[in-house]
Structures are given as structure tokens and as C-alpha cells.
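> This is what each chain is made of:
2 protein chains.
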Amino acid sequence: MKTIKKIKRMQEISDGLRRNKKTIGFVPTMGFLHKGHLSLIDIANKMSDVTVVSIFVNPTQFGPNEDFGNYPRDLERDKKLLREKGCSILFYPDAKKMYNEGFRTEVYVKGLSKVLCGATRKTHFKGVTTVVAKLFNIVKPDIAVFGQKDAQQAIIIKRMVKDLNYNIKIITGPIIREDDGLAMSSRNIYLTKQQRKDATILYESLKEAKRMISNGEAKASRVIKQMKKMISSKKTARIDYIKAVDTKELKTVKYIKGEVLIAVACYFGRARLIDNIIVNV
Amino acid sequence: MKTIKKIKRMQEISDGLRRNKKTIGFVPTMGFLHKGHLSLIDIANKMSDVTVVSIFVNPTQFGPNEDFGNYPRDLERDKKLLREKGCSILFYPDAKKMYNEGFRTEVYVKGLSKVLCGATRKTHFKGVTTVVAKLFNIVKPDIAVFGQKDAQQAIIIKRMVKDLNYNIKIITGPIIREDDGLAMSSRNIYLTKQQRKDATILYESLKEAKRMISNGEAKASRVIKQMKKMISSKKTARIDYIKAVDTKELKTVKYIKGEVLIAVACYFGRARLIDNIIVNV
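Residue numbers (our numbering), protein chains in the order written: chain S, -15 to 265; chain B, -15 to 265.
Only true hints are included.
In this list, chains with the same sequence are indistinguishable; a pair is considered to hold if it fits within one copy or across any two.
With a straight-line cut-off of 30 Å between C-alpha atoms, the simulated BS3-like cross-links for lysine-lysine are:
#1 Lys232 to Lys(-8)
#2 Lys235 to Lys81
#3 Lys80 to Lys235
#4 Lys232 to Lys142
#5 Lys81 to Lys232
#6 Lys110 to Lys235
#7 Lys232 to Lys(-11)
#8 Lys110 to Lys232
#9 Lys146 to Lys94
#10 Lys232 to Lys80
#11 Lys94 to Lys241
#12 Lys146 to Lys(-8)
#13 Lys80 to Lys142
Everything labelled a hint here was simulated from the structure, so no lab data went into it.
When you get a sec, could you build the whole thing from the sequences and use the hints?
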């Protein structure tokens, strides 16, 4: 596996691959890789000739009171995992090179970026779309794989790709879970033993939502009320939001009909965890 | 010359060219071509293997009270001129395809977009940077050529390209003028005979500014005062702004030192004309 730090060098490599008719699969990450990331790399490996993984803890997608400084990092462990997965190229740029002096351009997807997680994390998605646009221009992939755990992010990126005419196929990989159902996340490391135990309630509540809907419940408010009750029963949980929204415009729905994203964000101590399911009625 | 309307088709052609190691030169225009545009095509022809010219009167860069509806169009004449120039490909997309249903992404260069022309045309540069980002993703050029008449646009595009890591060299072609000095513009067609005569004062005032500076004048306010006096002497002229700014941050300068952009925007009837010079002291 090659580790590339320089932006220009990465672009040269990608240009060379494309000239040689090799397709490039891309998995952008913030590192501290877990099985969720690795499953996305499997998808990229399967769908393209060469897989590029980026590791970049992007400062601009963290708010001033968020965990940028503490975000877990372990490059050597990540490299080992990537090598084992057969990743061809790790792109590992320097923050000073990504945001050089006088940087002042932003890519923004209106509307979709200010709801759900965007309501709490005001500048988060602007940071995400801007850095992903940059990474797309550097890595020049044919396909890019994002995780379904960040459902809103995947929807926003798909919109950006369509709107800005990036010739890139966006694939969403399913959520990978621990044995007890907790969605894999680099931030799970923040959890104390009690919080870790309590955090399983997120997926339990989503499963209960699914069960209610299968049994004919059509009112979103009833489903959300039940989820709220379950999650609130855990002492270490502090709910940020529980929402049922359509999967295109992310607008709150009153009735569960068609494709609906049920999404939850919840603090356990200093960890802010998210999880979701999509139901199709 | 091929005329390509479909976005996907244009991308396929560009991918094919790049695979065959052909370099692509790109000149984005709004059509109604004049010698200014043609000079940019000459530059693209010289610097690349294949020249792509786009004609797209981009609705999003016009304000609600501006001339989008009346903007001059003459596709057949444009095609003839492009063929004579040896342009290989005309990209001529449909506005409905460029801005499909649910479009909501914007590319914005902060600060630089709200001064000079951006102070009067509040949403203009957001429209420009967004459509140019799209066109870059569709045409995938190696170089792109912009006119120095739109000095602020060229500076903003260069910043966007740097910030978003577009692997594209931006070239600025010099202002092409009529025999009496009026900068070529598709909007000159709006001018009545008297306005056309009066409009030559823009370049006259810029030449006077240059002369003053060559003779040692260092105070921007004195230069601007003299320009204002000259332009105001014409009855049909209504000045929008006259500014002296640095060429990186577009900040107003008090003293003419280093590279300074002297830019003027002025209405003559319904035509809003711009012109500029760069001095280096």
C-alpha cells in the first residue's frame, strides 16, 4: 500500500490510473477505522480496480465546542488494517495543505444541511460537503462509498454530486453493528462502561419502531413517542433528536408512508451517537 | 465542430480525450461572441490539443431586475464564428438539465464575492462560481481561459480552483477593445448612438489614471476623483463604482503600491458596462 501525503501527487496518480482505464473506488474517512469502514472498503474493492482510502480529520466539520481535538487517531493501526484489506492507496493529507492561506470557498447544500444533525451542528455539513468536493477533485474517483450510519450525510453528498455534475457513483454501505446492536462508530471509544451498556437502547428503539410500523402503526408521532420513552429510561442518555423524515428532502413526515428515514441522535456523556433505519411502507 | 447538448455525452467525450492523452482547453461563455471571446479561444487553441467552448446564458448569475431575458443570443452566428476559429467542440446545454428538479447546491467564495460588482449584484458571483464548478466537472479541462475584462470574476475563479483543488490551470486573456478604446462586451449592443459615444470615457479615464500614477500620483482618492470627474462629464453615464483594490483580497487601497486593480462599473442607459486596468508600482 502506498501512503500519499501530497495533493498534487495524488492527482497525478489518479490521472495515470484513469489514463490506463483503471476505475478508482474511494472511501473517505476520518481514520480510527472500525468494521464499518472496512465494510465500505470491501464494497469499493468489489466495484473498482483500485481502492483509495483517505484519512483526514477535517477541522471544518467540527463546531467550536465539539471533539476535534479529542477525536481518536491511530495511524499505524489504521495502516495495518488497510494493508490487510488490500487497500492500494492511502491518501493522508496535511490540514495546512488542505486549507492553505486565504482559503475562503465553501460548498453548501441548502435546506438539507440545516435539519436533523444540522440543527445541532450548524456548520457541520458545510464542512463535509466542502471537504468532500475537494477530495473528489483530488482523488478523481469513479465511485465513492459512504456509510448508511451517516444517513443525512449520504443524502447530502448524493445531492451535491447530482447538482455539481460530479461524474461519480455514490454507494451507501449498510450499518455495521456490534453483537449487541450498537452501531459501530469511532466515537464509541468515549463511552464509559455504563454508557456503553445504555447506548444499545438506540438500536432497540429503532427495532421497536420497525415492529410498530410492521404491525400497522402509521402515525410518526406515536412511533417517536415510544422511542423517546425507551431511550429516556436510560439514565445516561440525553436525546438530541428523534425524527421521521422523507429520504429526499429530509422533511418531517406525519404519517409513515413510502420510504421514511427514522433517525436518532443522542448524547451519552460526551459521546454524541447517531443511528437510523429506513422503512418502506 | 461537434455541438454537444447532453451533459453525460460531454463527460464521455472529455474522459475519452483524457484517456488518449489529449489536453482540453476550455472557454466558458454566454454566447453572442465578439473578438474578446475569440481571443480567448486563440489562447486555448495554442495551449491545448482540443478546445471546448461552452455557450450557456446562466440564469442564476442574473439578479431579479437584471437583463437575463434580454441578454443577446445568436447561436447560428456564434457557431459560424467558432467553426472559423477551429473550435473542436461546442457545449451547449439546456438550462433545465443544468438545474434539475430539487437543485440546491451552491459554491461560494466568501469576501471576494461581495465587493465591487458583488456589492451591486448581490448573488451574481455565487451564480458564477456554482455554474463554473459544474462546467469544470462536465468538461474536465486541463486549462480554462477567462477574460481580464471580468477581472473580479477571474480572481474569484482562481481562488475557487485553488481552494477546491481543481487540477485546472486558469489563464486570463487581455481585454480586447474597439478602435476607440471601448472594451468589447456583448452588452455594448444595448447602447444608443449617444451612449456608445459617451462610453469611451471609461477607458479614457483609466488611461488618465495610469498616466497620473506614472507621473507619481500615489493617492488612490486623487486618481478616483479625477476619473469620476471625467466620467461624470458625460450626460448618459451613471457611475456604479470606481475602486482601487489589491489583486488578491480585493481590498480598497489608500495608496497605489504593488499590484493594484483600478476597476469601474457604469450604467449607460440600461447597459451596465465594466472596465479595468492593473497597474504595478
